[in-house]
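Each residue of the sequence shown is one higher than the one before, counting from 1 in the working numbering.
Keep in mind that the hints were calculated from the coordinates and are not lab data.
A hint or two may mislead.
As the list claims (entries may be wrong) - With a Cα cut of at most 20 Å, we get these calculated EDC-like pairs of lysine to aspartate or glutamate:
hint, residue 1, residue 2
1, 458, 438
2, 201, 243
3, 40, 156
4, 314, 88
5, 367, 378
To be verified - Here are the in silico distance ranges between beta carbons for each label pair:
hint, residue 1, residue 2, range
6, 168, 5, 43 to 49 Å
7, 186, 295, 20 to 26 Å
8, 7, 224, 46 to 52 Å
All of these numbers come straight from a predicted model, not from anything done at the bench.
Heads up, the beta-carbon is just placed ideally off N, CA and C, and yes, glycines get one too.
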Amino acid sequence: MNHGKSVQVKNPDGSLVLQYQRRRDFPIDNKKYCYNLGTKERRRYLVRATFQYGSLENEDSYPKFDLYLDATKWSTVTVLDASRVYVEEMIIRAPSSSIDVCICCATTGSPFISTIELRPLNLSMYATDYEDGFFLKLAARVNFGAPSEEALRYPDDPYDRIWDSDLVKRQNFLVGVAPGTVRINTTKSIDIQTREYPPVKVMQTAVVGEEGMLSYRLNLEDFPANARAYAYFAEIEDLRANETRKFKMMQPYISDYSNAVVNIAENANGSYRLYEPSYMNVTLDFVLSFSFVKTHDSTQGPLLNAIEISKYLKIASKTDSQDVTVLDAFQSMLAASSLTNEGGDPCVPAQWDWVNCSSNAPPRITKIALSGKNLKGEIPPEINNMEALEELWLDGNFLTGSLPDISNLVNLKIVHMEKNKLSGSLPKYLGSLPNLRELYIQNNSFTGEVPPALLNGKVIINYEDNPGLHKKATKMLHFKLILGISIGILAVLLVLLLGSLVYLRSLQRKASHQKTNDQGNSLRNSTKPSTAYSIARGWHLMDEGVSYYISFSELEEATNNFSKKIGKGSFGTVYYGQMKDGKEIAVKIMADSSSHLRQQFVTEVALLSRIHHRNLVPLIGFCEEEHQRCNPSIIHRDVKTSNILLDINMRAKVSDFGLSRQAEEDLTHISSVARGTVGYLDPEYYANQQLTEKSDVYSFGVVLLELISGKKPVSTEDFGAEMNIVHWARALIRKGDVVSIVDSIIIGNAKIESIWRIAEVAIQCVQQRAISRPKMQEVILAIQEAIKIEKGTDSSQKLSASGSSKAQSSRKTLLTSFLEIESPDLSNGCLVPAAR
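With the hints as extra help, turn the sequences into a complete structure.
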């Protein structure tokens, strides 16, 4: 940091830890002062800034100023207690290869900072569905039952999160404690192998409501707001066989959680194991009152080890990247000066000295003011991308070369390029820039003719002292007249021609319409079987929306008497066939005519008659009347790799809908048997026979794990008798070891970040509880992010190892083709509260 000054801190009580013994003070002005921290794009980090001011000394008032991360306002730091360490912390997914932490905009006192910390987190920690548009700003992280007022952090927490003690005496911090609240602890180890890995030492202490209730009241800064809230429970008392600990949340009342009974040992699958229920998106007020109350059949009161609450902070737009590219180029042309030291975003929270910015999002540069700054070199050609630019002041420098293309700068009003060493001709389009009002290019070496449109009086132009530059000679008037008449005649002929074409076209449409009606009547009256594809044998399917069918004899001919078996579906064998017109088909024949299999057959044909998607196996040639268009949301119930076919272009086609159900059906019904395939079956669906849309999400997560690992979902050879692909992959990802999951065939041919994103969303898909899994639209977005990363240019991020290049290319084609899916229509960043 080249700005500000280092100051010795004097604390009133004389106690200061090492990192708070000095602070850096910054000038009181309208500028920003930024630290640039290197990151790995898309990696999650804990970012923390701390502030301890110390004695007031000669200052009239304590400081109050703003803190920014990139263009996002992080917090307003208001010092009220000289001896207190003020902590601001966020969890972010790095948007690029670096971030800026900026201090600015003091309203009282001098802005300052004590420490900045950047700490990488484990892969799965603090993942949210909203991290593309929101940071997580810490609001509270409390260790209940703490032995003292000292905060707990590294080395007890390997990620150096700061866990405040619930004994801290601070205004509006944990008041309203219920009577009968006692503190307990243990020295036994706690199994913390969950999503957030809280420290064992925090989980070894807790509070218990011996009179049946735990309650607290806590102020949350910058609330009300949307928040992510976690509670941490671990049973650390040895309960007897006849003792139970069951309780419910009374406040805040959200039915999904307030109606649920917390049985720690049961939820955590045993004592001394962690259970961490959460609200992934909930609206909380400034004053948070929360309480847990034991149930009537519980012998023990509620227990709480820790809480963690973070606010969703919307990420503000940084200056348009195309504009920043040009500014970077100009900075590289500057001799050493204060202008090269300006950091952070060019526009937010304060503009650089030599630019003006628009107020829209993202901000655009409207003015560049670099007059007399000793610029050397050629004007960057990328300047043509700065569509919002209105003023360009580059006069009095040492610029060389020709004038770059600026034809896209339709908002340009004022251009100053005088007193440089520019050369070449002036392009004609300068005269057609709609908003250009002033053009100063004197004292350069331009040559050729001045475009006449610049000399009509609408533009103030000065082109003196360019010896080779002159006005354009006058052309013959009669030539212009002849040309104008010719163009006029051509225009008249063109109008007549177009009118004739329109009239002929209308006649053709009438004739075509009559022909279509005649053909339609003929089809409806015809009894001859159509060559369009459908399957019917032994019963009629007209009520299911299938209009035509092929006779059994035609199917025998197409399949060469069912000689080529290509698979087995949910109700019978599948054969390969080819119609007379060359169309390749798959023909399913029922194994028997039982009512159960018959209903499955009807279900599949009915669904395929009503849904159309490029990634679904089509039912070729069915009735498509206006009133029969329908694309229902369905639950497949048997998503697995063998039900995903690949066409000649490696495009995926989902098949076998015999077990499917429409999502619009009543899914509260509990079936007697869970249907699906071992290894892909949703464990929650298997346990309670409750089918949900998230059941397919689980199965698809397994498919993703297969794609990147090349392993089967269940294999004693790969995983042992007690494990499957989900357990195996989850264990490796928790360690941050994605490379060990990746199939050796694609190592070296895929970027680690793209594989990482697929692995990350796959693990989210196979969460034990359906409520913790993402929606399919969110999975699609994650996959599309992975594709964008994979299509990037940074080859240094590729996974490296040996392998067949041909096989690598084949697998990459499979991955990219299979995962190339269309964007869903999602909201524009507005969060709707939802418990999770």
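Item to check | C-beta pair residue 7, residue 224: status relative to the range 46 to 52 Å that was hinted | outcome: For residue 7 and residue 224 the Cβ distance comes to about 37 Å; the hint is violated.
Checklist entry - Is the Cα-Cα distance between residue 314 and residue 88 20 Å or less? => result holds (16 Å)
Item to check | Restraint check for residue 367 with residue 378, where alpha carbons must lie at most 20 Å apart | outcome: holds (19 Å)
Item to check | Restraint check for residue 458 with residue 438, where alpha carbons must lie at most 20 Å apart | outcome: holds (9 Å)
Checklist entry - Are residue 201 and residue 243 close enough, with their CA atoms no more than 20 Å apart? => result violated (25 Å)
Item to check | Cβ separation of residue 186 and residue 295, checked against the hinted range 20 to 26 Å | outcome: holds (24 Å)
Checklist entry - At the C-beta level, are residue 168 and residue 5 separated by a distance inside 43 to 49 Å? => result At roughly 33 Å between Cβ atoms, residue 5 and residue 168 fall outside 43 to 49 Å, so the hint is violated.
Next on the checklist: Just to be careful, I want the Cα atoms of residue 40 and residue 156 compared with a cutoff of 20 Å; is the pair within it?
Outcome noted: Cα-Cα ~26 Å, so violated.
Consistency with the previously given hints fails for numbers 2, 3, 6 and 8, ordered from lowest to highest.
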